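Here this note's numbering is used: the sequence shown runs in plain steps of one and ends on residue 241.
Treat the hints loosely; a few may be bogus.
Using 25 Å as the maximum straight-line C-alpha spacing, the simulated BS3-like pairs for lysine-lysine come out as follows [what the hints assert, rightly or not]:
(1) K57 to K30
(2) K13 to K30
(3) K13 to K165
(4) K88 to K13
(5) K134 to K57
(6) K57 to K137
(7) K30 to K165
(8) K137 to K30
(9) K13 to K57
In case anyone wonders, no lab produced these hints; they're calculated from the structure.
Please read all numbers here as calculations on a predicted model, not as lab measurements.
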Amino acid sequence: MSEQPKRVCLDPGHDAGNLANKSPDGTYYEHEFTLDLGKRLEQLLTARGVAVTMTRTNGAAVSLAKRCEIANSIPDLNLFVSLHSNAAGGDGWSSAKGWSVYLYGPGGDRERAAQDILAQVRAAGIAVRSTPIVYDPELYVLKHTKAPAVLLENGFHTNREEAALLGQPAYRQKLAEAEAKGILEYLGIPWTDDGEETDYEKEVRAAVAWLTENGIMRGNSQGDLMLDQPLTRRQFAVMEYRIAKLEGFV
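Kindly generate the complete structure, drawing on both the sequences and the hints.
The following block contains the structure:
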């Protein structure tokens, strides 16, 4: 029996209704950045065999309590990662800058995860704060999530230079790759470059080929197998029945 995949919950901070968390010139909104970064991380982690759950996949509002509820409902969740960008006080631009990670408190798996992610962020040449790990037991999602949890502040959108960087797709991808490498390090999963097929991906490809060749999984009328869509109990029953027929049990 194969080992179950590692599980990560990604939490893109805020939502499209939050228009306050933005750069002073209004060219950058935190809710848009965090969702884009979350989707980039999801792609990188999923491609390497991690089971990823997103607390939101669009601009709809999701309360802090609901975000924690989603995370706490995932069996054997290995890590909760909340995604944000930072802001300094005041209405204008600030000199404050740098990446940082917030934890409920020191020690344990959350500290190890933070250190692994921080190491990869530094290795990527991303500027970090002079005190990059901050302990704050009052942050809601850190306080109310059962699994090890980290909150990543990906630079300051109130810093003119960092706000410009945070708006660039290439920089977002740089952040996503560094953070994905750190998360994988924490999970004990080796990083593989794009184009290098992981053992999990090979297994998926072989499984799909067997299921389709034997008529067990047939897809929709257009031939789309819809591999990333949830499976209903009815669909599961039909697939099990086809397997039983193939094996001569019915």
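25 Å Cα cutoff - pair K13, K57: holds, 23 Å
Between the alpha carbons of K57 and K137, is the straight-line distance 25 Å or under? Since the Cα atoms of K57 and K137 sit roughly 14 Å apart, the hinted pair holds (cutoff 25 Å).
Is K137 close enough to K30, meaning Cα to Cα at most 25 Å? holds, 23 Å
Taking 25 Å as the top limit, are the C-alpha atoms of K134 and K57 close enough? holds, 13 Å
Tell me if the straight-line CA distance from K30 to K165 falls inside 25 Å. It holds: about 13 Å lies between the C-alpha atoms, which stays within 25 Å.
Given the hinted pair K13 and K30, is their alpha-carbon gap at most 25 Å? holds, 20 Å
Is the straight-line distance between the alpha-carbon of K57 and that of K30 25 Å or less? OK: K57 and K30 at ~19 Å, within 25 Å.
Restraint status (C-alpha distance of K88 to K13 at most 25 Å): holds, 15 Å
For K13 and K165, compute the direct alpha-carbon distance and say whether it is at most 25 Å. holds, 21 Å
Of the hints listed earlier, there is not a single one the structure fails to meet.
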